[in-house]
Amino acid sequence: MNDEFRKTAPTPLDAVPFNISQPFETRLENGLKIVVFEEKRLPLVSFRLGFPTGDINDPADHTGVNSAMAAMLNEGTKNRSSRQIADEIERLGAGISASSTSDNTILSASSLSLYSSEVLKLLADITLNPNFPENELKIYKQNTIENLKYQRSQPGFLAHEQISRIIYGDHPYSKTTPTAEDIENLTPQILADFHAKLFVPGNAKLIIVGDFDRDRLLKEVENEFGDWESGPIAQFELPQIPERSATTLTIVDRPGSAQSNIILSNPAIDRNHPDYFPLLVMNQVLGAGASARLFMNLREDKGYTYGAYSAIDARRRGGAFEATAEVRTQVTGDSLKEFFYELNRIREEKVPPQELKDAQNFLTGVFPIRAETQEGLTNLITSQQLFDLPDDYLQTYRERVNAITVDDIFRVAGKYIKPDRIAIVIVGDAEEVLTQVAEFSNQIEIFDTTGRPLDPASYGSPDPVENAEVSGVWKLEVDAQGQKLPIKIILNQDGDKIFGEMESMLGTGEISNGKIKGNKFSAIAVSSFQGQEMEIRISGKIEGDEIKGAIETGLPDFPPLPFSGKKGDE
Amino acid sequence: MKKENGEFRLPPLDIIQYRLENGLRVVLNADNSVPVVAVAVYYDVGSRNEREGRTGFAHLFEHMMFQGSENVKKAEHFQYISKAGGTMNGTTSSERTNYFESLPANQLPLALWLESDRMRSLAVTEENLNNQRNAVQEEKRLNYDNQPYGEVFNLLNSMIYKNFANSHSTIGSMADLDDATVEDVREFFRIYYAPNNAVLVISGAFEAEEAKQLVEKYFGSIPGQPEPEKIDVTEPPEVSQNYQEYEDKLAPFPAFLMGWKVPGRGTEEFRALSLTGKLLFDGDSSRLYQKLVKGEESVVQLFGFTDERRGPSGMAIGAIPKPGVDLSRIRNIIMEEIKDLAENGPTSGEMFKLHNQLINDEIRARQSSMSRAQLIAEFALFDGEPTLINSELDELLKITPDKIKTVTGEFLDTENRALLDIVTAGEN
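Residue numbers (the working numbering), protein chains in the order written: chain A, 14 to 583; chain B, 3 to 430.
Simulated from the structure, these hints should not be mistaken for lab results. Be aware that one or more of the hints could be misleading.
Using 27 Å as the maximum straight-line C-alpha spacing, the simulated DSS-like pairs for lysine-lysine come out as follows [what the hints assert, rightly or not]:
#1 A:370 x B:76
#2 A:533 x A:561
#3 B:76 x A:315
#4 A:91 x A:210
#5 A:530 x A:579
#6 B:400 x B:341
#7 B:164 x B:142
#8 B:251 x A:497
#9 B:296 x A:162
#10 B:293 x A:91
#11 A:46 x A:210
#12 B:219 x A:20
#13 A:315 x B:75
#14 B:251 x A:162
#15 A:91 x B:296
#16 A:431 x A:315
#17 A:210 x A:134
#18 A:232 x A:188
#19 A:350 x A:488
#20 A:501 x B:142
#21 A:554 x A:510
#22 A:232 x A:154
#23 A:315 x B:142
#24 A:162 x B:341
#25 B:407 x A:151
#26 B:407 x B:296
#27 A:533 x A:488
#28 B:293 x A:151
#29 A:533 x A:350
#30 A:579 x A:501
#31 A:497 x B:142
#32 A:154 x B:293
#33 B:293 x A:20
#34 A:370 x A:20
#35 B:75 x A:370
#36 A:20 x B:214
#37 B:324 x A:561
#38 B:296 x A:151
#39 A:20 x B:75
From a predicted model like this one, the values you see are computed outputs, not experimental measurements.
Okay, chain A solo, but in the shape it has when bound (with noise of 0.2 Å):
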């Protein structure tokens, strides 16, 4: 029996109203400012020391000073020791750490309200007293280096650093991470330098929430923070990010990679930009999550990625408009085509009603989700504090998503989104790729994955060669980590065409669009698998009566599989 209410979905209570109250704010006499929101509803409190400055303020001669400035901040005081500090946090049951970003440095702490004195103390300490000890110093910089090797076998780290690169220029956003040798060169003089010019109370503003006696929380603040004694607050000037002009490629060549880490993007909007809301629920609907138009269409439509999305990066000085996926390498054009038509179509037709209240909804339903915790409303507040955001930001945020009309989005993506003049990196097989993208953009440039410079030239060579011999029955033998499966592919070739069956484990999969250039061959066999249409890639080269090569399924952590075998008699 299928009651009748049951068909469709219900429809929603009354919305409830989210209420945040506005904190309390104070400034002591050295220019800190204090931040204080009473949350009584369990007996937690959580601190930020929040400084609007991050690592783009690294100077030039130094790259790096800040983030490891901040990773050392709870590595030794003039009063403890790291050893000392991880004890006494841990022994309250508290926690305690320093990190970065390009815009922002914050030390947070957080503890039982009962050791709220205790563990402000410790945040004063290592915020006004670090010592960056010479071995610990060491240790930062030996895993660090570590950390710096092991990111360059991450495509997608490298897709970020070209990226980066290629938006922002000379400004220092253009840097994603400093060099082993900047790493080297740091020494405790330079961090506590560094420490010194940022790290004045006019710069830094304190972040206090939970539950706690106001006032006499206020004069613990006094006690540990007073005698911070007041500097210059220092100016940065940086240069201008650069306007672009026309849409250019760049491929990190990774020989063999069974995906493409495909980024696209141009320069948009700061964090304190008007536009920031429009481009927030037009992002939402064209890609930020996996209800999203990019998803929706590369992944459930296309099946090319295990996810597609797009993202608006607005920072204090700028930002830009990306779009992302981690593609199969053989529809790696296929898949700039959909983001191209998915741009231009946000851009050029306006969004149905509904789509954009499906994103409303999602933004403002997360909203209080995020804000559940203390951590969550804490980190809220701190990033309205150290944006400078409107002091009603949190308390109108749904408003202001819910005001955005169908227009404000035309108006946006026509406006920040730019599929004439944009930036698109590929992270992937420069061979098997140049062909499919090449279209794209008149503008190539390719590098290896140390960012040495290769010769577009020298890929996807278009000499023509008389193609191998390939009709018949090829017994394979894959090598599945250690594991030998055999496979069997039957081929016929019309021209430089090929396409016949494949017969595995999996079952019978048809293979179809092959295609033989000289010896070198690929071809995709349609397996059903999962419940769906599966591609799997069988790509190589014959001499003679031998073949050798890879397939590839395209599954996230599943690496191409090698095969050889040789032509059968049935």
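We have chain A already, so just place chain B on it with the hints.
The following block gives chain B in isolation, referenced to the frame of chain A:
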């Protein structure tokens, strides 16, 4: 929070519990501080319910639950939640299979509609079964067969437990998954996905009366089923196997795991042993971290955990030592620390730290409605009493240093343990 004679008291959570006529246990925890509501449905079925030849069913079924039902098409569950601004997931363990979502408070009817539609009318079809069987087998290949150290935790469990209900893995065997028929799966659904075999918890911002009416509307007419057969999870005291060497072709370094059999959830012994675990391997100031990772710098990675079950449970400590380090020496250091705790008990400083960490963890776990819903569902399903969430912290704080000393001696400082030596390809 009040401090009374050194004891901490948290205000109790507001809990309403009742049963629908069809046997569905409902627990409501209203907390209107943030307009968010979490819904958790816990089914009393996990790998412990699987017989020989039928392993992996509970987990296979978790996948089936996203394949559509009478009024919700395949894959739509996720889209509905996402478009409403919510988040969701489902997981399977030895003890239960759970499904949960967090939503803006006014979307409570949506969550109840989605959960009730699949409880009453899941689409158990040949096609869905084949799809999901393939998906699970792929998951097994990716996460277990092709991962360094991917099999070792399942292997250790098979060395600790003797009873088949406890010793086999949640992911199951390829052969058993291949053998699953649509009839098997329908029968599994009928028995275990019945309302009388589930707990529904709603936590967050809602009106109790309105929630009760909605629950009745969506779940009230789903028919109950005969109770599933009771299962036997008892274990002899001794571990099933003391030693095994396992060649892990994908592992970059040799490693080892040590496992012990310990009393189950809800016992004073289990609580005390979980505190022993915290002292040994939890956090940068823990004994083994300070000895092996910081002090000697002889270990790349150190890990330890408790395998919490309703019946006999497990505890494990493992390490991936730095290349060239003698593994048996590392094991000796671990056993020496255990012996020290068994002979001398924890220090007063350690007890102070433990108490602060326990209180801190408990309070933080209460912040989000999703986390509350899950904890409450576990107490309701495993212990038959959701209000135990209000006394668990006290039970933990009551554990004395002497109790920690005794249980460490009885259950850990013993030859009755399993040792799994993991060697890399071609090492022996």
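Quick rundown of the hints versus the structure:
This hinted pair checks out: residue 370 (chain A) and residue 76 (chain B) have alpha carbons roughly 23 Å apart, not beyond 27 Å. The hinted pair formed by residue 533 (chain A) and residue 561 (chain A) meets the criterion: a straight-line CA distance of about 10 Å does not exceed 27 Å. Restraint check for residue 76 (chain B) and residue 315 (chain A): satisfied, since their Cα atoms lie roughly 17 Å apart, inside the 27 Å limit. At most 27 Å may separate the alpha-carbon atoms for a hinted pair to count; residue 91 (chain A) and residue 210 (chain A) meet this at roughly 18 Å.
Between residue 530 (chain A) and residue 579 (chain A) the alpha-carbon distance is near 19 Å, which keeps this suggested pair within the 27 Å criterion. The hinted pair formed by residue 400 (chain B) and residue 341 (chain B) meets the criterion: a straight-line CA distance of about 23 Å does not exceed 27 Å. Distance hint between residue 164 (chain B) and residue 142 (chain B) is fulfilled; the C-alpha atoms sit about 23 Å from each other, no more than 27 Å. For the suggested pair residue 251 (chain B) and residue 497 (chain A), the alpha carbons sit about 14 Å apart, so the restraint of at most 27 Å is met.
As the CA atoms of residue 296 (chain B) and residue 162 (chain A) are separated by approximately 23 Å, the hinted pair is consistent with the 27 Å bound. Taken as a hint, the residue 293 (chain B) and residue 91 (chain A) pair is honoured in the structure, with Cα atoms around 25 Å apart against an allowance of 27 Å. Between residue 46 (chain A) and residue 210 (chain A) the alpha-carbon distance is near 18 Å, which keeps this suggested pair within the 27 Å criterion. Pair hint residue 219 (chain B) plus residue 20 (chain A) holds up; C-alpha atoms about 14 Å apart against a cutoff of 27 Å.
Distance check on the hinted pair: residue 315 (chain A) and residue 75 (chain B) sit about 19 Å apart at the alpha-carbon level, within 27 Å; holds. Taking the CA atoms of residue 251 (chain B) and residue 162 (chain A), the gap is near 25 Å; set against the 27 Å cutoff, the hint holds. Annotation: proposed proximity of residue 91 (chain A) to residue 296 (chain B) holds, straight-line Cα distance about 22 Å (limit 27 Å). With a C-alpha separation of about 24 Å, the suggested pairing of residue 431 (chain A) with residue 315 (chain A) holds against the 27 Å cut-off.
Restraint check for residue 210 (chain A) and residue 134 (chain A): the C-alpha separation of about 22 Å stays at or below 27 Å, so the hint holds. Between the alpha carbons of residue 232 (chain A) and residue 188 (chain A) the distance comes to roughly 41 Å, so the proposed pair goes past 27 Å and is violated. Using a Cα cut-off of 27 Å, the hinted pair residue 350 (chain A) and residue 488 (chain A) is violated, with the two alpha carbons roughly 36 Å apart. Our distance criterion of 27 Å between C-alpha atoms is met by residue 501 (chain A) and residue 142 (chain B), whose separation comes to about 25 Å.
As the CA atoms of residue 554 (chain A) and residue 510 (chain A) are separated by approximately 15 Å, the hinted pair is consistent with the 27 Å bound. Taking the CA atoms of residue 232 (chain A) and residue 154 (chain A), the gap is near 39 Å; set against the 27 Å cutoff, the hint is violated. Of the pairs offered as hints, the one joining residue 315 (chain A) and residue 142 (chain B) holds, with about 25 Å between alpha carbons and a cut-off of 27 Å not exceeded. Between the alpha carbons of residue 162 (chain A) and residue 341 (chain B) the distance comes to roughly 41 Å, so the proposed pair goes past 27 Å and is violated.
Straight-line distance between C-alpha atoms of residue 407 (chain B) and residue 151 (chain A) comes to about 39 Å, which puts the hinted pair past the 27 Å bound. Restraint check for residue 407 (chain B) and residue 296 (chain B): satisfied, since their Cα atoms lie roughly 25 Å apart, inside the 27 Å limit. Straight-line distance between C-alpha atoms of residue 533 (chain A) and residue 488 (chain A) comes to about 17 Å, which keeps the hinted pair within the 27 Å bound. Proposed proximity of residue 293 (chain B) and residue 151 (chain A) is supported: the alpha carbons are some 20 Å apart, at most 27 Å.
A threshold of 27 Å between alpha carbons decides the hint, and for residue 533 (chain A) with residue 350 (chain A) the separation of about 26 Å falls inside it, so the pair holds. For the proposed pair residue 579 (chain A) and residue 501 (chain A), the alpha carbon gap of about 10 Å is at most 27 Å, so the pair holds. Restraint check for residue 497 (chain A) and residue 142 (chain B): the C-alpha separation of about 18 Å stays at or below 27 Å, so the hint holds. A threshold of 27 Å between alpha carbons decides the hint, and for residue 154 (chain A) with residue 293 (chain B) the separation of about 23 Å falls inside it, so the pair holds.
At most 27 Å may separate the alpha-carbon atoms for a hinted pair to count; residue 293 (chain B) and residue 20 (chain A) exceed this at roughly 61 Å. Between residue 370 (chain A) and residue 20 (chain A) the alpha-carbon distance is near 22 Å, which keeps this suggested pair within the 27 Å criterion. At roughly 22 Å between alpha-carbon atoms, residue 75 (chain B) and residue 370 (chain A) fall within 27 Å of each other, so this suggested pair holds. Of the pairs offered as hints, the one joining residue 20 (chain A) and residue 214 (chain B) holds, with about 21 Å between alpha carbons and a cut-off of 27 Å not exceeded.
With a C-alpha separation of about 38 Å, the suggested pair residue 324 (chain B) and residue 561 (chain A) falls outside the 27 Å cut-off, and the hint is violated. Only pairs whose Cα atoms come within 27 Å are accepted, and residue 296 (chain B) paired with residue 151 (chain A) is accepted, the gap being roughly 14 Å. A C-alpha spacing of about 11 Å is found between residue 20 (chain A) and residue 75 (chain B), which places the hinted pair at or below 27 Å, so the restraint holds.
The structure does not agree with the numbered hints 18, 19, 22, 24, 25, 33 and 37 stated previously, though it agrees with the rest.
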